[in-house]
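K.L.:
Please work from the sequences and hints to get the whole structure.
Protein chains: 2
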Amino acid sequence: MTDAPIQRLCVIGVGLIGGSLARALRAAGACNEVVGCGRDSQQLQKALALGVIDRAETDIARAVQGADVVVVAVPVGAMAQVLKGMASQLSPNTIVTDVGSTKGDVVRAAQIAFGNLPPTFVPGHPIAGTERSGVEASFAELFRQRKVILTPASTTHAWAVSRVTWMWEQAGAQVSEMDPQHHDEILAASSHLPHVLAYTLVHTLAGMQDKDEIFKYAAGGFRDFTRIASSDPQMWHDICLANRNALLTMLRRYSGELQQIAAALQHSDGSYLWSVFAQAKQARDEYTQTTQVSTELGVPSPCKGEGQDGGE
Amino acid sequence: MTDAPIQRLCVIGVGLIGGSLARALRAAGACNEVVGCGRDSQQLQKALALGVIDRAETDIARAVQGADVVVVAVPVGAMAQVLKGMASQLSPNTIVTDVGSTKGDVVRAAQIAFGNLPPTFVPGHPIAGTERSGVEASFAELFRQRKVILTPASTTHAWAVSRVTWMWEQAGAQVSEMDPQHHDEILAASSHLPHVLAYTLVHTLAGMQDKDEIFKYAAGGFRDFTRIASSDPQMWHDICLANRNALLTMLRRYSGELQQIAAALQHSDGSYLWSVFAQAKQARDEYTQTTQVSTELGVPSPCKGEGQDGGE
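Quick mapping for you: the protein sequence lines, in order, are chains H and V. Numbered according to my numbering, the first sequence terminates at residue 313, and the numbering increases by one at each position without gaps. Numbered according to my numbering, the second sequence terminates at residue 313, and the numbering increases by one at each position without gaps.
Derived by calculation from the structure, the hints in this document are not laboratory data. Just so you know, not all the hints are guaranteed correct.
Because identical chains cannot be distinguished in the list, a pair is counted as satisfied if it fits within a single copy or across any two copies.
Listed next, the in silico EDC-like pairs over lysine to aspartate or glutamate satisfying Cα-Cα at most 20 Å (straight line) [as the list claims (entries may be wrong)]:
#1 K217 <-> E178
#2 K148 <-> E214
#3 K212 <-> E258
#4 K148 <-> D213
#5 K212 <-> D286
#6 K212 <-> E178
#7 K148 <-> E178
#8 K212 <-> D180
P.N.:
This is the structure in structure tokens:
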């Protein structure tokens with residue numbers, strides 16, 4: 002499917018994600034002009050100097066004027082305020098999409114900001130990131146072979162969904178659609194729960210009397226397991242609160258399984274332990290095989306740095 | 002400190018760890034002859050062909066004869082039987098050491114096998130490994146810049162401890178000493194608990210109705226967090242049972258912290274979440290800075306493969 006380039010793309014929040022999307026679309030010839038908007042004018046000047054944006058605006062209402070596509074790439078906790086800021090200025094033909102890690106709360110924020118959910122609002126979530134942040138960390142290949150989930154409502158214009166799908170495909174991503182609540186349940190399991198578990202482990206160990214020795218003798222297993230505990234606390238605070246119901250459900254399910262492990266240890270029930278470990282290894286090995294292709298093709302590789310997917 | 006080379010080294014279990022130690026000591030000129038012992042004669046033939054060992058024995062009693070140092074490099078669950086097998090043949094001058102991931106149970110196994118703890122028995126644990134196994138995966142640099150913990154008793158000969166320390170230093174490792182119970186508590190926290198948590202997460206998700214979608218949309222954070230869930234289930238079954246008391250203590254402490262997180266989510270207590278996440282990030286970042294030098298110097302790097310430190 003070929004589409005005309007986006008005439009004017011407005012990116013609100015020109016950081017790693019927003020900056021990388023602008024770079025990718027420009028590299029693909031998929032947009033002509035990029036307006037960058039943010040609160041920090043120094044960051045915007047940097048984005049201008051790097052050629053990531055063509056024009057800088059600190060006022061949201063002015064930034065979105067005349068844009069055919071607006072991408073909101075701010076932390077989940079700032080979403081409501083940003084959407085409110087553009088509500089009065091938005092033309093009925095302007096597509097708005099976002100990159101938030103949770104979707105139910107973004108839909109609710111949009112309903113409040115706009116009075117109802119605009120048919121041109123297409124909630125989205127690119128499952129990509131690195132441990133670094135800021136426009137200086139952005140690069141055009143960030144979304145190649147990565148997955149993007151869109152969560153349109155039944156009232157969303159099909160042409161708007163199609164345009165946002167095309168946009169992400171131009172950046173190299175694979176796009177699928179999902180109900181926002183289902184998205185939040187899936188991501189609570191695959192992403193939000195692991196982050197909470199890793200944070201909690203490091204917090205538990207850091208509170209122990211022997212913490213210096215514990216960290217001193219920790220090896221590669223610990224390093225990999227806790228890599229995500231180096232992620233931005235504010236971002237994960239926002240995500241956990243935004244998705245607290247789905248996350249609580251997963252936490253309870255996980256805690257229940259952990260209690261069964263503890264009971265098995267208590268009774269030296271080796272066969273239960275073996276069966277859990279063996280089933281987990283099989284599922285993990287199958288996961289690795291399934292994702293191998295996209296891991297090999299995708300950039301960045303899991304070895305590019307610490308704490309990847311800070312906002313996945 | 003210079004020492005004469007080991008005249009005859011006996012390695013029982015010529016796999017990744019035993020094979021790598023033999024290679025490292027040979028490369029350093031720290032041993033003259035290596036006798037390899039194992040149940041699988043095909044594996045021993047491979048070790049002979051690779052030049053890792055000079056002589057192969059499937060009988061433990063015969064293998065240890067005339068050795069000045071015996072290294073027991075078998076899974077923790079097989080330790081008791083191996084020690085029993087050599088008990089009648091051991092000369093009072095032969096040093097015996099092991100590489101087990103738990104130490105309290107190895108000390109108990111030795112007490113039972115030998116009637117009491119021989120003053121030449123020096124329990125040890127090299128905190129190193131890769132996801133691969135078998136002699137074909139062994140390499141001389143495995144222990145470079147890695148930590149080895151020895152847990153001698155008050156009755157252990159000082160010269161035996163000194164000799165085992167020297168041996169590991171010849172392989173490039175940093176050696177320290179610890180009480181066996183303390184070792185097991187430290188490793189329960191830094192290694193055994195994370196492995197159980199990772200196995201439990203993958204097992205929990207694999208049991209869900211939406212498992213295909215959950216794994217499909219899992220990204221780098223999940224991949225790193227669950228890498229250790231690809232470790233050998235039998236090895237971790239052995240370790241968990243061998244160290245079940247210390248592991249249970251850690252599991253209870255961790256579950257308690259997880260309950261506090263759940264309570265904070267329940268009450269939308271964002272400041273508690275932020276404080277746990279921020280403290281964890283700080284501790285994790287400090288850990289990374291502290292270990293950066295040894296990570297950079299050490300081999301293999303955390304990126305050499307999946308599931309490193311299978312037996313750490």
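K.L.:
Next step is simple, just say for each hint if it's right about the structure.
P.N.:
Against the structure, the hints come out as follows:
1. Taking the shortest alpha-carbon separations for K217 and E178, only the inter-copy value of 13 Å comes in at or below 20 Å, while the best intra-copy value is 45 Å.
2. Taking the shortest Cα distances, K148 and E214 sit within 20 Å of each other only across copies (12 Å), while inside one copy they are farther apart (40 Å).
3. Proximity of K212 and E258 under a CA criterion of 20 Å is satisfied inter-copy only: 16 Å between copies versus 27 Å inside one chain copy.
4. Proximity of K148 to D213 under the C-alpha cut-off of 20 Å is restricted to the inter-copy arrangement: shortest distance 15 Å between copies versus 39 Å within a copy.
5. When the C-alpha separation of K212 and D286 is checked against a cutoff of 20 Å, the pair qualifies only between copies, where the shortest distance is 14 Å, while the shortest distance within a copy is 32 Å.
6. For the homomeric pair K212 and E178, the shortest alpha-carbon distance between copies (17 Å) is at most 20 Å, but the shortest distance inside one copy (45 Å) is not.
7. Only within a single protomer do K148 and E178 lie at most 20 Å apart by alpha-carbon distance; the minimum there is 11 Å, versus 49 Å between protomers.
8. With identical chains, the CA atoms of K212 and D180 are at most 20 Å apart between copies only, with a shortest distance of 17 Å across copies and 43 Å within one.
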